[in-house]
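**Student:** Position chains B and Y relative to chain Z; hints supplied.
Protein chains in written order, with UniProt numbering: chain Z, 1 to 257; chain B, 1 to 259; chain Y, 1 to 644.
One thing to keep in mind: the hints can contain errors.
[Said to hold, decoys possible] Straight line, CA to CA, 16 Å or less: simulated EDC-like cross-link-like pairs of lysine to aspartate or glutamate:
id, chain 1, residue 1, chain 2, residue 2
1, B, Lys15, Y, Glu554
2, Y, Lys548, B, Glu53
3, Z, Lys5, B, Glu252
4, B, Lys18, Y, Glu554
5, Y, Lys503, Y, Glu542
6, Y, Lys251, Y, Asp621
7, Y, Lys503, B, Asp54
8, Y, Lys355, Y, Glu308
9, Y, Lys628, Y, Asp578
10, B, Lys151, Y, Asp142
11, Y, Lys251, Y, Glu620
12, B, Lys151, Y, Glu136
13, Y, Lys296, Y, Glu345
14, Y, Lys510, B, Glu46
15, Y, Lys500, B, Asp54
16, Y, Lys500, B, Glu53
17, B, Lys51, Y, Asp507
18, Y, Lys355, B, Asp34
19, Z, Lys100, B, Glu225
20, B, Lys18, Y, Glu555
21, Y, Lys503, B, Glu46
22, Y, Lys355, B, Asp33
23, Z, Lys85, B, Glu213
24, Z, Lys5, B, Glu213
25, Y, Lys548, B, Asp54
26, Y, Lys548, B, Asp47
27, Y, Lys296, Y, Glu316
[Said to hold, decoys possible] Just the calculated beta-carbon pair ranges, DEER-fashion:
id, chain 1, residue 1, chain 2, residue 2, range
28, Y, Lys618, B, Tyr83, 53 to 59 Å
29, Z, Pro91, Y, Glu552, 24 to 30 Å
30, B, Ala212, Z, Asp98, 29 to 35 Å
31, Z, Lys104, Y, Ser502, 49 to 55 Å
Don't read these hints as lab results, they were simulated from the structure.
Where a beta carbon is used, it is the ideal one built from N, C-alpha and C, also for glycine.
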Amino acid sequence: MSNSKPVLSSSLGRKLIMSLTGIFLCTFLVVHLIGNLQLFKNDEGYAFNNYAYFMTHFTPIKVVSYLLYASIIIHAIYALVLTLKNRAARPIGYAQFDGKANSKWSSRNMGILGTVILVFLATHMQNFWWKYHNDQVPYIEYRTDLATGKTTSQELDAADFRDYQVTVEDNVEIVKARDLYKQVDFAFQNLGLVIFYVIAMIALSFHLIHGFKSAFQTLGVSHKKYVPLIEFLGVWVFGVIIPVAFALMPLYFYFVK
Amino acid sequence: MAQHMNLTLKVWRQKNDKSKGQFVTIQANDIADDMSFLEMLDVVNEDLTRKGEDPIYFDHDCREGICGMCSLVINGRPHGPKYGITTCQLHMRSFHDGQTIVIEPWRAAAFPVLKDLAVDRTAFDRIQQAGGYVNVNTGGVPDANAIPVPKRIADEAFESATCIGCGACVAACKNASAMLFVSAKISQFALLPQGQTERYERAQAMVDQMDAEGFGNCTNTGACEAECPKGIKLSNIARMNREYFTAKFFREEDVHTHN
Amino acid sequence: MLDSKVPAGPLAEKWSKHKFEMKLVNPANKRKFTIIVVGTGLAGASAAASLAELGYNVKTFCYQDSPRRAHSIAAQGGINAAKNYQNDGDSVFRLFYDTIKGGDYRAREANVYRLAEVSVNIIDQCVAQGVPFAREYGGLLDNRSFGGAQVSRTFYARGQTGQQLLLGAYSALNRQIKKGKVQSYTRHEMLDLVKIDGHARGIITRDLVTGKVEAHEGHAVLLCTGGYGNVFFLSTNAMGCNVTAAWRAHKRGAFFANPCYTQIHPTCIPVTGDHQSKLTLMSESLRNDGRVWVPKTQELAAKLRKGELKPADIKEEDRDYFLERKYPSFGNLVPRDVASRNAKEMVDEGRGVGKSGVAVFLDFADAIKRLGKDTVEAKYGNLFDMYYQITDENPYEQPMRIYPAVHYTMGGIWVDYNLMTTVPGLYALGECNFSDHGANRLGASALMQGLSDGYFVIPYTVGDYLANLGSFAPVDKNHPAFEQTRKEVEDRINTLLSLKGSKTVDDIHKELGKIMWEYCGMARTAEGLTKAKGLIQNLKREFWSDVKVLGENEELNMSLEKAGRVADFLELGELMVDDALNRAESCGGHFRLESQTEEGEAKRDDENFAYVAAWEFKGEDQPEVLHKEELVFENVKLTQRSYK
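For reference, chain Z alone in the conformation it holds in the complex:
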């Protein structure tokens, strides 16, 4: 048996990349969801906007976020490479192919689902990430009476500060921040965007129902006890709870707020 070629240029190596980046993206989703649940808080975006500032300015989180962007790109590029290789492995297709007889629709259409998610990500980043980082969101000021704990807010027209400021005057805490919450509210008044977000979350659901457990299969997990647990998490946490919770956000802003 001869010396073997490097792991990353092998089929299994490429799958490993997909699996690891995929699992990393899944963990991000959990964190992202937990943070974004603050959108449902009826506090004029106080908690959410503070959170947004923290997430974009705390160095360790920033490092992780770059890893995240890299993962998304690598996941997409490898998906493309694998797809091209898979196409080449069957140059002449079947005249008739009954895929539903032997596999789930989602498992056969990860590329399409992934593409929908990628387009969604671009839209999503443009709407929020880009605008937030490029000073295109409004500003807000929160005044909290430290004696009573009551908070009031008012829009700031032109900011005379950079990004974020916390001061205390006369026992009143004044927080000035970029109002991403307002931007969210604004964006989700657009019915088209809301529908697109819901569709994207459906795609995410199907992508993860297959993708989550598939990632562990690729890593070589086959265990009588743990595989059913992974499948359960894949379907219920990543296939249902997370996409539904995310989809509720635009719906909440469109219909409730």
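**Tutor:** Coordinates of chains B and Y only, in the frame set by chain Z:
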């Protein structure tokens, strides 16, 4: 008595590996439902021969589901509409009068068509040659009972070892991946004590050869497992991955020692 | 008189002594020899791998697309070995004795003893290769009793023992292919033997894909090409199994021994119609728990055939469990030949069942009652499933229908103790030779013989031949014999391709099969055999004048492949009939109606027929000449088999 039926066959005809193929429509009349699918093709071929037309070439041999030679995609499914059987074990009672049946060869770059419905599967042999064995010579081996093997392990190794190498896994996979086939052999030897000495070299060598043959990548759709006539499980692929990654990341010193 | 070259000395010491006396080839010289192995089943793959390990250059040939698909793969039951792991009184001598007796005293003592002796090594070898035999909970190998043996000596891998053993041998072969010691030619068919100065020095093959006819040279040629059961058209053999390689060798001087010894296996799924292409065997382990019966009267049988009655409607007292009735001590577990013949008798009496009336019942109702459905399913589930797939009948609910089918051929190329044929340098291994099973093969012995020949006999004996050649020179590839033989093969192909008659090759083959089954099947008579000979000769003429062969040589040509094989089957069929006619006794699978005991059992004639009939080809349309090898029994007493 047996029910008889008339069928329309759309059969892939291709003169050899160099020529382009096409579908040809052939009528199969008065087919008894207790015929096997291949016996139906025999009848069609006898008709064609009497008319002086070239009979349809298809691979087949044992006709009892064990040699792995037969290899037809029937109405979009490798080995036809039933699960857990080979084409030769499929009977015409699974079809009905007036039905149109599309018959195609396995489709994969690594399985070029030789003629009509027969493909070249020597890629599978080369993968086995890369490492699908235990390095023992004839003679000089210990007594068969010298190494006990827990029944559970022996049974599981047997399940993996029942692969007949037909290639339905490749045919069913939307990516034409051969990982179920490769993993079955890697699993058999990874499980048994006899396979331990070269366990990690084997996993690498077989995976490398698989890649070199131009098979696609597994996306864990499970189609291979569903269509495998011998019920080889997807967990074999997980085991192969484990073996391979263990070899690559933790056993480099074991696998690069000799050539 | 044929010289079997059996070494002198006590039976148990012959092989050891012989191994010592044989000459060896120096390790450095082994690589100067090339050995051709035709066929990659158990015998071929194991021989090729073992010889390559020793250092010889090996070329293997098979007609399938991979060596792994040889028909050894289909063997279900198991493999015997005198390991005595069960402490139940087994021994090499007992396995030897059972095999000689089971073969109805028509096998060569020394060969059978050697087979029993090396059987133990086979199991060790296979386990070391990673063959997943069935095991007990303690992790040791499991055994079962098979084919009515009194001891549990059969090793098995569920119902797929042949597959697992073949894949083991295939893996050993692959290892040598990878090392470059074996060159594997697949989709290649051997069409002739090349002889130089009387020695086998090569073969002519046709590449089934391109049609290219090529010569391959070697210092020795090993035929491992299996049996010729497909002469009957319907058999349990694979569709491609054929006699061509062996027959071509026969026509080049290898004697063909005991061609009339065919084994007809009792538990096969009955024929359903003219379209049938092959028969499916179900392991005879089914007879351990199934009860064989037919209705007591023809009237009841007729009603069953018409579907007026169901099997369950037949009352217990109206059933004839004929094997239990006639053979109280062995019951349903009588040897294959006895079980088969009795089934035929019932059908001939008009008491057969199923639509065609050519079947008997194998009933599991009692076993299910006694053991429970789960236990029966655990034991036979895969066989029941297989039966259900084919017949659409559920054997858990209604009895199986079974009927005998041609399964194995004990006859084959004559070989001496070294497995060499009458052509020096040409060997025959496995089912292809005649040597170890006499007139009837016991269950789980075929796999044993194939692997014994390949792993443990030929590596020694071929060395002796090569060492005695006195030269290490490569075979002269330019010797005119190669081109001449190649030309003859091409001419024959062209003749076949020029046949543009009205009948298909299968028409002729089916007709041949009917003649063989009718007159040279389970019961034979001088009158019937004489008639069959004429019929076969007519059919042969019809073949060469009125068959239709399509296409051209330079392609995958099914029509041409079949035509060549059937042409050889026609010639073999005639020899089988000659042999059956010559052997006026009954023995094992060969039952002559003229030679039976008062109870209707096979009656041997040891005085006149205790010999191997080896036939020599004398030229086209010439009668073959009979040579006898007397069978000498020094270690067993010849008895009439009795299973009463």
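**Student:** Are the hints correct? Go through all of them and say.
**Tutor:** Hints versus structure:
Annotation: proposed proximity of B:Lys15 to Y:Glu554 holds, straight-line Cα distance about 11 Å (limit 16 Å). The straight-line distance between the Cα atoms of Y:Lys548 and B:Glu53 is roughly 11 Å, inside the 16 Å bound, and the hint therefore holds. The straight-line distance between the Cα atoms of Z:Lys5 and B:Glu252 is roughly 12 Å, inside the 16 Å bound, and the hint therefore holds. For the proposed pair B:Lys18 and Y:Glu554, the alpha carbon gap of about 13 Å is at most 16 Å, so the pair holds.
Using a Cα cut-off of 16 Å, the hinted pair Y:Lys503 and Y:Glu542 holds, with the two alpha carbons roughly 9 Å apart. The hinted pair formed by Y:Lys251 and Y:Asp621 meets the criterion: a straight-line CA distance of about 12 Å does not exceed 16 Å. Taking the CA atoms of Y:Lys503 and B:Asp54, the gap is near 15 Å; set against the 16 Å cutoff, the hint holds. Of the pairs offered as hints, the one joining Y:Lys355 and Y:Glu308 holds, with about 11 Å between alpha carbons and a cut-off of 16 Å not exceeded.
A threshold of 16 Å between alpha carbons decides the hint, and for Y:Lys628 with Y:Asp578 the separation of about 14 Å falls inside it, so the pair holds. With a CA separation close to 10 Å, the supplied pair B:Lys151 and Y:Asp142 stays within the 16 Å bound. Between the alpha carbons of Y:Lys251 and Y:Glu620 the distance comes to roughly 9 Å, so the proposed pair stays at or under 16 Å and holds. Straight-line distance between C-alpha atoms of B:Lys151 and Y:Glu136 comes to about 6 Å, which keeps the hinted pair within the 16 Å bound.
With a C-alpha separation of about 13 Å, the suggested pair Y:Lys296 and Y:Glu345 falls inside the 16 Å cut-off, and the hint holds. At roughly 12 Å between alpha-carbon atoms, Y:Lys510 and B:Glu46 fall within 16 Å of each other, so this suggested pair holds. Simply put, Y:Lys500 and B:Asp54 have alpha-carbon atoms about 13 Å apart, close enough for the 16 Å limit, and the pair holds. Of the supplied pair hints, the one linking Y:Lys500 and B:Glu53 holds, its CA atoms being roughly 12 Å apart against a limit of 16 Å.
Between B:Lys51 and Y:Asp507, the direct Cα distance comes to roughly 14 Å. Compliance with the 16 Å bound is thereby established for this hinted pair. Distance check on the hinted pair: Y:Lys355 and B:Asp34 sit about 13 Å apart at the alpha-carbon level, within 16 Å; holds. As the CA atoms of Z:Lys100 and B:Glu225 are separated by approximately 13 Å, the hinted pair is consistent with the 16 Å bound. This hinted pair checks out: B:Lys18 and Y:Glu555 have alpha carbons roughly 12 Å apart, not beyond 16 Å.
Distance restraint check for Y:Lys503 and B:Glu46: the Cα-Cα separation of roughly 10 Å lies within the 16 Å cut-off, and the hinted pair is therefore satisfied. Straight-line distance between C-alpha atoms of Y:Lys355 and B:Asp33 comes to about 15 Å, which keeps the hinted pair within the 16 Å bound. Only pairs whose Cα atoms come within 16 Å are accepted, and Z:Lys85 paired with B:Glu213 is accepted, the gap being roughly 12 Å. Straight-line distance between C-alpha atoms of Z:Lys5 and B:Glu213 comes to about 14 Å, which keeps the hinted pair within the 16 Å bound.
Simply put, Y:Lys548 and B:Asp54 have alpha-carbon atoms about 12 Å apart, close enough for the 16 Å limit, and the pair holds. This hinted pair checks out: Y:Lys548 and B:Asp47 have alpha carbons roughly 12 Å apart, not beyond 16 Å. The suggested pairing of Y:Lys296 with Y:Glu316 holds, with an alpha-carbon distance near 10 Å, which does not exceed 16 Å. Between Y:Lys618 and B:Tyr83 the beta carbon distance is about 56 Å. The supplied range of 53 to 59 Å therefore holds.
Against the hinted window of 24 to 30 Å, the Cβ-Cβ separation of Z:Pro91 and Y:Glu552 comes to about 28 Å, which satisfies the hint. Here the CB-CB span from B:Ala212 to Z:Asp98 is close to 30 Å, well matched to the stated 29 to 35 Å. Hint check: Z:Lys104 to Y:Ser502, Cβ distance near 54 Å, so the stated range 49 to 55 Å holds.
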